[in-house]
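Residue numbers (my numbering), protein chains in the order written: chain F, 4 to 388; chain W, 18 to 180.
Possibly wrong hints are sitting among the right ones.
[Said to hold, decoys possible] Computed cross-link-like contacts, EDC-like style, restricted to lysine to aspartate or glutamate with a CA-CA straight-line distance of at most 16 Å:
{"hint": "1", "chain 1": "F", "residue 1": "K180", "chain 2": "W", "residue 2": "D34"}
{"hint": "2", "chain 1": "W", "residue 1": "K131", "chain 2": "W", "residue 2": "E147"}
{"hint": "3", "chain 1": "F", "residue 1": "K350", "chain 2": "F", "residue 2": "D154"}
{"hint": "4", "chain 1": "F", "residue 1": "K96", "chain 2": "W", "residue 2": "E59"}
{"hint": "5", "chain 1": "F", "residue 1": "K25", "chain 2": "F", "residue 2": "E71"}
{"hint": "6", "chain 1": "W", "residue 1": "K149", "chain 2": "F", "residue 2": "D374"}
{"hint": "7", "chain 1": "F", "residue 1": "K372", "chain 2": "W", "residue 2": "E147"}
{"hint": "8", "chain 1": "W", "residue 1": "K152", "chain 2": "F", "residue 2": "D248"}
{"hint": "9", "chain 1": "W", "residue 1": "K54", "chain 2": "F", "residue 2": "E153"}
{"hint": "10", "chain 1": "F", "residue 1": "K96", "chain 2": "W", "residue 2": "E69"}
{"hint": "11", "chain 1": "F", "residue 1": "K21", "chain 2": "W", "residue 2": "D129"}
{"hint": "12", "chain 1": "F", "residue 1": "K350", "chain 2": "F", "residue 2": "D75"}
{"hint": "13", "chain 1": "F", "residue 1": "K295", "chain 2": "F", "residue 2": "D248"}
{"hint": "14", "chain 1": "F", "residue 1": "K25", "chain 2": "F", "residue 2": "D75"}
{"hint": "15", "chain 1": "F", "residue 1": "K96", "chain 2": "W", "residue 2": "E50"}
{"hint": "16", "chain 1": "W", "residue 1": "K46", "chain 2": "F", "residue 2": "E101"}
{"hint": "17", "chain 1": "W", "residue 1": "K149", "chain 2": "F", "residue 2": "E71"}
[Claimed, not checked] Coverage of chain F stretches by chain W, computed from C-beta distances (three or more under 8 Å per stretch; other residues unrestricted):
{"hint": "18", "stretch": "108-120"}
{"hint": "19", "stretch": "335-345"}
[As the list claims (entries may be wrong)] Computed from the model, here is a short list of chain W residues facing chain F with C-beta under 8 Å:
{"hint": "20", "residue": "N24"}
{"hint": "21", "residue": "D26"}
{"hint": "22", "residue": "I33"}
{"hint": "23", "residue": "K46"}
{"hint": "24", "residue": "E59"}
{"hint": "25", "residue": "P61"}
{"hint": "26", "residue": "S80"}
{"hint": "27", "residue": "S85"}
{"hint": "28", "residue": "L96"}
{"hint": "29", "residue": "R97"}
For the record, the hints were derived by calculation from the structure and aren't laboratory data.
All residues carry an ideal CB built from backbone N, CA and C; glycine is no exception.
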Amino acid sequence: MLAMNYRGPYRVRADRNKPMPKIEHSGDAIVRVTRSCICGSDLHLYHGMVPDTRIGTTFGHEFIGVVEEIGDAVRNLKVGDNVLVPFNIACGKCVFCEQQLYGNCHESNPQATAVGGIFGYSHTAGGFDGGQAEYVRVPYADIGPTIIPEDMDHDDAVLLTDVVPTGYQAAEMGGIKPGDTVVVFGAGPVGVMAAKSAWLFGAGRVMVIDHLEYRLEFVKNYAQCEAYNFRSLEDPVLFIKKTTDWIGADVCIDAVGCEAAGDALQTITGRKLMLQAGSATALHWAINSVKKGGIVSIVGVYGPTGNLIPIGNVVNKGITIRANQASVKRLLPRLIEHVREGRIDPKAIITHRIPLEEVADAYHIFSAKLDNCIKPILIPPSARK
Amino acid sequence: MKKKANNYDHINGWGIDANPLDVPTYPMKHRTENDNKGMIWERPAQQAQLVEILHSNERPSVSAVFGSANPPTGLSGKLRRFAFKYSESTWTHWLVLLLADRINMMEGIGQDLKSGRLPDLFTEHGGHSELKYNKAGLIKKIAVGFAFATLVIVFNKIRSREN
Numbered sequence: 004m005l006a007m008n009y010r011g012p013y014r015v016r017a018d019r020n021k022p023m024p025k026i027e028h029s030g031d032a033i034v035r036v037t038r039s040c041i042c043g044s045d046l047h048l049y050h051g052m053v054p055d056t057r058i059g060t061t062f063g064h065e066f067i068g069v070v071e072e073i074g075d076a077v078r079n080l081k082v083g084d085n086v087l088v089p090f091n092i093a094c095g096k097c098v099f100c101e102q103q104l105y106g107n108c109h110e111s112n113p114q115a116t117a118v119g120g121i122f123g124y125s126h127t128a129g130g131f132d133g134g135q136a137e138y139v140r141v142p143y144a145d146i147g148p149t150i151i152p153e154d155m156d157h158d159d160a161v162l163l164t165d166v167v168p169t170g171y172q173a174a175e176m177g178g179i180k181p182g183d184t185v186v187v188f189g190a191g192p193v194g195v196m197a198a199k200s201a202w203l204f205g206a207g208r209v210m211v212i213d214h215l216e217y218r219l220e221f222v223k224n225y226a227q228c229e230a231y232n233f234r235s236l237e238d239p240v241l242f243i244k245k246t247t248d249w250i251g252a253d254v255c256i257d258a259v260g261c262e263a264a265g266d267a268l269q270t271i272t273g274r275k276l277m278l279q280a281g282s283a284t285a286l287h288w289a290i291n292s293v294k295k296g297g298i299v300s301i302v303g304v305y306g307p308t309g310n311l312i313p314i315g316n317v318v319n320k321g322i323t324i325r326a327n328q329a330s331v332k333r334l335l336p337r338l339i340e341h342v343r344e345g346r347i348d349p350k351a352i353i354t355h356r357i358p359l360e361e362v363a364d365a366y367h368i369f370s371a372k373l374d375n376c377i378k379p380i381l382i383p384p385s386a387r388k
Numbered sequence: 018m019k020k021k022a023n024n025y026d027h028i029n030g031w032g033i034d035a036n037p038l039d040v041p042t043y044p045m046k047h048r049t050e051n052d053n054k055g056m057i058w059e060r061p062a063q064q065a066q067l068v069e070i071l072h073s074n075e076r077p078s079v080s081a082v083f084g085s086a087n088p089p090t091g092l093s094g095k096l097r098r099f100a101f102k103y104s105e106s107t108w109t110h111w112l113v114l115l116l117a118d119r120i121n122m123m124e125g126i127g128q129d130l131k132s133g134r135l136p137d138l139f140t141e142h143g144g145h146s147e148l149k150y151n152k153a154g155l156i157k158k159i160a161v162g163f164a165f166a167t168l169v170i171v172f173n174k175i176r177s178r179e180n
């Protein structure tokens, strides 16, 4: 079958000879992929920053498709169902799944206890192949996959597998109270959704900080918020203090993660020399921009080693830090409602529709921010007929 | 810092999900009777282990399901086995895995050549899109590469003459 194939940092190809996935467990399903996205966090893999990313891995944790085959124990799905598949692989039985922490399942990743299984996200997240392919194996098919409502556009559905829930949970974890000032660092797809979601929680003012003008322009219109380029602000932390009457924001959201720009020391030690788990510039700014007693919500992805952040300020300011991988399954019913009611329009962020065969170009366009790219989706040949 | 304006009619759904409990750490932890009891849950059926699966030494065994793609092989595989002797809390674990990844990349090129496939580095690096959307950048990269190669050649020639 046709599948994306990782060959090393900044090198991927479309491989036509990848073996078809098989049922390996009675709870598995095989899904024929009809759409998959490239996530901003896939770029961390693409850039070689995630340990135990093996040659030959197929990435892709945002995908939808049609059930082609099911294991003996699967009861909730049948062949032919159109499903959206959350990026988290969750057993539904462990104590963490029981607490609806579906991003923290203890029965889906042997290689690391700090993260649950994720499709196509290195062996550090379980060693599963992902959905940037024609077919994919979906474990625990009775738990995660959700049948796509008939009235839902499939472009909306594919964005409900990660980007919308992650942005929404970023706002939710912020504990936003009516009237709060919320600052979102990062105008990528997740930052855009976090800004949009902040209003649903009653934010009084929403600001987004980034350095790419086309993305700032987009988020300003899409999320009806303020947008600022940190390159033109001498110091974004000082700017936020000034514009909040010298107090700081009530809630700061890090929607960037380990490849943040804006600070030479962080960039050199984190992204170039990899002496820390990526560049933590956005998190650094978030901690320093939030008010005393405020909340910092982190959904940006970082590596497993460690980062330079002003932890002393966290203590001295009494900041609450909340972070997690989004619990997609928990959030889906509410988010489907928001999409149906027109409160969130996920598909509006899609800027590029690219054939799966051109996956190498798709990664490069997204990584190098070419052609004003915000969100690329990959379409396999069978879905183009 | 509260915003004074309070008319958000232009935002569809403003405040619809505002937290009714008004607690700072919403959503609250959803506690169950199985908290603090360890791994007592009824485990899902165990996936058969047909290839080598490394597991973190912070857990007693493999999880009930796992990915079976790309088991450890070659020198990179030896390094990965070594890395998994150390916990996720150690730099040794992660830095050795990163080293294994870079060696694995070279092994991948070797496998391609062995199977008669010459890696198409231009296409695999997304060169076609660079050509389409960033021609000036591509020319700059080629010029910098060419200048660097020229410098290395000239430096080597001078050094060999001096010897």
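| In rising order, the numbers of the hints this structure does not comply with | Violated hints: 2, 8, 9, 10, 12, 17, 20, 21, 28; rest satisfied.
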